[in-house]
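Chain A is fixed; fit chain B onto it per the hints.
Note that the protein sequences, when read in sequence, are chains A and B.
Using our numbering, the first residue of the first sequence is number 1, and each one after it goes up by one.
Using our numbering, the first residue of the second sequence is number 1, and each one after it goes up by one.
Keep in mind the hints are simulated off the structure, nothing from the lab.
One should not assume that every hint holds.
Covered stretches of chain A, going by a simulated chain B footprint (3 or more residues, C-beta under 8 Å) [what the hints assert, rightly or not]:
id, stretch
1, 60 to 72
2, 76 to 88
Taking lysine to aspartate or glutamate and the DMTMM-like style, the derived pairs with C-alpha atoms no more than 25 Å apart in a straight line are [as the list claims (entries may be wrong)]:
id, chain 1, residue 1, chain 2, residue 2
3, A, K37, B, E52
4, A, K42, A, D27
5, A, K71, A, D49
6, A, K22, A, E56
7, A, K71, A, E107
8, B, K57, A, E2
9, A, K58, A, E5
10, B, K57, A, E5
11, A, K111, A, E2
12, A, K71, A, E15
13, B, K57, A, D49
14, A, K42, B, E75
15, B, K57, A, D27
16, A, K22, A, D59
17, A, K57, B, D85
18, A, K68, A, E15
19, A, K71, A, E83
20, A, K68, A, E56
21, A, K111, A, E83
22, A, K71, A, D27
23, A, K111, A, E79
Glycine included, C-beta positions come from ideal geometry on N, C-alpha and C.
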Amino acid sequence: GENVEQHPSTLSVQEGDSAVIKCTYSDSASNYFPWYKQELGKRPQLIIDIRSNVGEKKDQRIAVTLNKTAKHFSLHITETQPEDSAVYFCAASYNQGGKLIFGQGTELSVKP
Amino acid sequence: KAGVTQTPRYLIKTRGQQVTLSCSPISGHRSVSWYQQTPGQGLQFLFEYFSETQRNKGNFPGRFSGRQFSNSRSEMNVSTLELGDSALYLCASSLGGAGTGFRDGYTFGSGTRLTVV
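So here's chain A without its partners, still in its complex pose (with noise of 0.2 Å):
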């Protein structure tokens, strides 16, 4: 069936190296890939996204690339800052409509 796997699930950086979180889906049919971010307490927020047409996006200090032979998708936070300390989400949709589906979350927590 669906499903979105996303690794690892926690992650400690110290405050300027760079973070790495990957995706691997089971739908080929996958054709949109959002990754959200969100913070204790908050409603999810989306940072970047990327479609089946685009191998890689960049926005400033994040990054998303993907690999559709391999249906991996990764994203890239470089410079890390502690407020990028949150839980990141990867997604997959599979149709035009409202479904998303979400892997597990990796908790990033970034360490001055």
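Here is chain B on its own, set in the frame of chain A:
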């Protein structure tokens, strides 16, 4: 403009009761999706409504139902509550029309925290 509004923010119910949660989308958004968030299961898709019709459905029992009104506001209902239904229920709205997919404004509300005792 106003964001996605979910009411109430917190709710405590007893096992066996039923509950109704409300989601008011961003003005102009016609699609409303509902998710259940728990520490163990993460974010799980419940269903999506578009133009008053259920367009997508997740793998939840029939105790979970929803509807959408002509002004795009949506409600979800859980009947015969179980302890395991304790969760944060999130809704997300988007324009949702043909061809837009997620291109326009898929935004989450702050959620309703449901506790079943």
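A quick look at each hint next to the structure:
no., hint, in the structure
1, 60 to 72, "violated (count 0)"
2, 76 to 88, "violated (count 0)"
3, K37(A) / E52(B), "30 Å, violated"
4, K42(A) / D27(A), "30 Å, violated"
5, K71(A) / D49(A), "15 Å, holds"
6, K22(A) / E56(A), "14 Å, holds"
7, K71(A) / E107(A), "22 Å, holds"
8, K57(B) / E2(A), "13 Å, holds"
9, K58(A) / E5(A), "22 Å, holds"
10, K57(B) / E5(A), "21 Å, holds"
11, K111(A) / E2(A), "35 Å, violated"
12, K71(A) / E15(A), "30 Å, violated"
13, K57(B) / D49(A), "23 Å, holds"
14, K42(A) / E75(B), "21 Å, holds"
15, K57(B) / D27(A), "17 Å, holds"
16, K22(A) / D59(A), "18 Å, holds"
17, K57(A) / D85(B), "38 Å, violated"
18, K68(A) / E15(A), "31 Å, violated"
19, K71(A) / E83(A), "30 Å, violated"
20, K68(A) / E56(A), "11 Å, holds"
21, K111(A) / E83(A), "10 Å, holds"
22, K71(A) / D27(A), "8 Å, holds"
23, K111(A) / E79(A), "12 Å, holds"
Of the numbered hints stated above, those contradicted by the structure are hints 1, 2, 3, 4, 11, 12, 17, 18 and 19, listed in ascending order.
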